[in-house]
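Undergrad: Below, each chain spelled out in residue letters.
2 protein chains.
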Amino acid sequence: MSAPAPLSPSAHELLDRHAATLAAATEALAARSYYSKYPESPSPRVYGETAAADGVAAYEAHLGHRYDALADQPGDGTWVGAEVSPYGPTLGTTYPHLDVDAAVAAAQAALPAWRDAGARVRAAVCVEIVDRINARSFEIANAVMHTSGQPFVMAFQAAGPHAQDRALESVVAALVEQERVPASVVWEKPGRDAPLRMQKDYRVVPRGLALVVCCNTFPTWNTYPGLFASLACGNPVLVKPHPRAVLPLAISVEIARAVLRDAGFDPAAVQLLPEAEGEGLAKTLAERPEVAIVDYTGGPAFGRWLEQAGAARGALVFTEKAGINSVVVDSTDNLRGVLGNLAFSFTLYTGQMCTTPQNVYIPATGVDTDEGHLSFDEFADRLAAAVTRLTSDDAKAVELLGATVNDGVRANIEGLDELAAEAGGRVVLASREVTHPAYPEAVVRTPGLVAVDVTREDVYTQEYFGPVSLLVRTASTAQSIAQLRDTVREHGAMTAAVYSTSEQTLDAARDAAADAGVALSENLTGAVFVNQTAAFSDFHGTGANPAANAAYTDAAFVANRFRIVTSRRHV
Amino acid sequence: MSAPAPLSPSAHELLDRHAATLAAATEALAARSYYSKYPESPSPRVYGETAAADGVAAYEAHLGHRYDALADQPGDGTWVGAEVSPYGPTLGTTYPHLDVDAAVAAAQAALPAWRDAGARVRAAVCVEIVDRINARSFEIANAVMHTSGQPFVMAFQAAGPHAQDRALESVVAALVEQERVPASVVWEKPGRDAPLRMQKDYRVVPRGLALVVCCNTFPTWNTYPGLFASLACGNPVLVKPHPRAVLPLAISVEIARAVLRDAGFDPAAVQLLPEAEGEGLAKTLAERPEVAIVDYTGGPAFGRWLEQAGAARGALVFTEKAGINSVVVDSTDNLRGVLGNLAFSFTLYTGQMCTTPQNVYIPATGVDTDEGHLSFDEFADRLAAAVTRLTSDDAKAVELLGATVNDGVRANIEGLDELAAEAGGRVVLASREVTHPAYPEAVVRTPGLVAVDVTREDVYTQEYFGPVSLLVRTASTAQSIAQLRDTVREHGAMTAAVYSTSEQTLDAARDAAADAGVALSENLTGAVFVNQTAAFSDFHGTGANPAANAAYTDAAFVANRFRIVTSRRHV
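Going down the list, the sequences are from chains A and B. Residue numbers for the first sequence follow my numbering, so the first one is 1 and each next one is one higher. Residue numbers for the second sequence follow my numbering, so the first one is 1 and each next one is one higher.
Some hints here could point you the wrong way.
[Claimed, not checked] Taking lysine-lysine and the BS3-like style, the derived pairs with C-alpha atoms no more than 30 Å apart in a straight line are:
no.	chain 1	residue 1	chain 2	residue 2
1	B	K396	A	K189
2	A	K189	B	K283
3	B	K189	A	K396
4	B	K189	A	K37
Keep in mind the hints are simulated off the structure, nothing from the lab.
Could you build the full structure based on these sequences and the hints that come with them?
TA: Printed below as a string of structure tokens:
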């Protein structure tokens, strides 16, 4: 190939600066051991005495202003933005609305130099981006809190260091994958007289432009894996934020562009394309022939459309949609642990995680525990009591619950009684209105629980996104496990869990989870929750059931984001 | 997971027997160095004095008979088969037509034990299958010759050892991929008091049933990669042969089933589903919800339908369709080598390879060579003379040409004059009828060449499958390279080649090939041809242009044929 332009001194420096990180992260990814580069504690001892206050100030400086740091993008002259915090305040930040043709052209123009930089330079540039994102974790945490409704500490951790670890995981997964094929080999085939010898050069080429369609609830956590996987493989990325969660991605894209520029690359390798309400920009972008990769988190209907539209023109589409997360409760030797763990999972961010359990299968014959045998109703009531205990103090509860993100979630809560009546079930725990001490306008609700019979598949195979969980009365644990397998297989799930003291039952649950293609958490009674996964070790999603066609982050998530083009000649 | 049934002694033995092969092949795949397990020479010194005669006898024993060795499949009571050799004779072999519901059910029933055997046992079983296929190479060569029309030596090599090497490549690629994630780890997160410790088990689960839709021209070479990649990843495989090329796959599937049975597995993990003419069985099977993976080689229209139908329900679809393979001729210091090499590529199997060059871009200003400067017409005529020389002796020519496989190919040859007239071009070389000394009924034709102007994109961006190549007169080599890039990007190509003595021109061609996503062969003048790729080193296809969405065999070809399901618990 023609010699690429020489690397900038800055790009050289990044290669050195991040070599150790890339080595350590690569090792962790292969071992699937514990690894975290970015401290999850928002403590002043970690991030500095003024970090929290500086973060608030930086966030507030965006409010009511144009996001000028992105004004160098190819705008069409209009500015858009209508974000309203789930906690009440209107953000009032506006962002340049891009001319799509110009943005696509700019991304395409950025491709050759980014491609020819090579996998390792790209990885080093990406780590620098993530590092600089980390330095703005408090600002991003405030932005995520006030767009997603996440409580602050969760917004800091999940949208900050945890999302950054997932970003780094994606970068090293992409790097490892690109470096599996050598850059050049001499191939020598024994011959009758002399051997046949050929030099073969293998060149990594990106697929083309990548589009990331982002969601409202996890604007960074669910965006970074696709964004960094595509970027690290050489594909310029168009970031299409959810109209209600633009700011966290504006900050992220601003940083990415600055790092690219500093390293001597065209910042158009990452662009932010915010949209006006109702514009349908994701569809417009997904239909562009230049877009070769789409990453999507959101509702199933549009996800399926993307998958089909993508296939129609050969694009690669990664989707995370929705499912029916399920728990089987059989028996336990730590009832308090079970109740506390499940109550926390229901409560965290008002159940608005794609990983929050919805269906809890409990046998009608009851549950053997270290506190004696509990009937179905007794167990249900104990679970309700645990949730009530966890959420009884408004000031403490809001730090777990956050705020409800949209009217769909609120409607699910409002419909709890109706749901129970229609299903011939019982409201085991009503959802309670919580008043946020600092944000009285925030709509904050505690989780509600409804008991239904196993025969009402029509009810419990619907998704009730938000703080609604169903306690499904089954004939036996065997039936619970069968229902978990069958409903997940058909409707998908991001998570599954089982509680049992019986090895045989755990085995059966593992087999059911394998059949259904869903990851299984067993007997979680402590500080690990079914709705949380750890970068570098836990896969998020499996790609093996309808909830998602991919996992963060396995080889299949990165291996097809680039292709290898060989040139060969005799030597 | 529940303990799988203990391995049979035979499966244990296979693990030992093939450990060294798996190690050597794994190493070769990573290094992309020369590796071949199966000798390509049909010499009696390699395969035994009686191998050739035994192979003919074994082939002939199938003629006019039911293929009883597959009668244990769930047939519907009817037998199908209407193969006629492109060399003339009717085969008269019939095969059990399966009950689709029963075949799907049998495949599903075979899945759990095959899944739970684990990646390494599956790989060892697959190597045993390929070894036993190798032992029947002469029989398969005769079957391929008389279904595809390939000449015998090519049928032996390409459908035998070369296809077997590709099969082994697929097996080890799948094995390596499955073993990248450890089976189990202990994850330990530092904590304030004690660390959090969890055991995480990662289980490889197949996607489901796999379908391979096979082609007429390369019934084994294009089938084995998908078949063995899916099987090695735990997916039971339904093999749907082309109705005109059933026998080579009947033999292959018979062997696979025997090995599975011997190793203690359900032979339904591999089934052959032949169809009656016009039945459309591939479509029926591709629409089954149980089918999660489809591998396809064939025409673009059905390939696109498969891609879209697959996406509609989340199936993974690998397609190799068709394209416009292209050559740029700029200059050479070895004119005889260029002419001989290109003439051979046009002639081999009457140009009926998906890799045969179709468009040769030559500048109107001519070509500098070691025999002086040649005008466009002089070069064209020298190329025609080289083809004529190579094919002048009927008895020798048929050993390269083989026989034309179908009426579409014959129509392309018949239409040569018309094509030239419509394109305002010149027939540089007319196709000649060759009489096969042994098979007078075979329709054997030499390649034809037509010169057309670069303005006639409407002509040279059509595919003329078979012995029709177009010499495209361009304004300059720069235009030749631009046309190669643009036509391949839009219409696809499996191969590209360039001849030039200028490093600058070679660089430009490499960049164009990278832009277009096609592998490039440079200055081939000896015993390596643009239409041939070597397993373990050369990728077949790139997946980066419309001709194929995948490559034999990269990580992307195998990584998504299985998924990982985690179970985790505190320890």
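Undergrad: Okay, which hints does this one fail, numbers in order?
TA: 2
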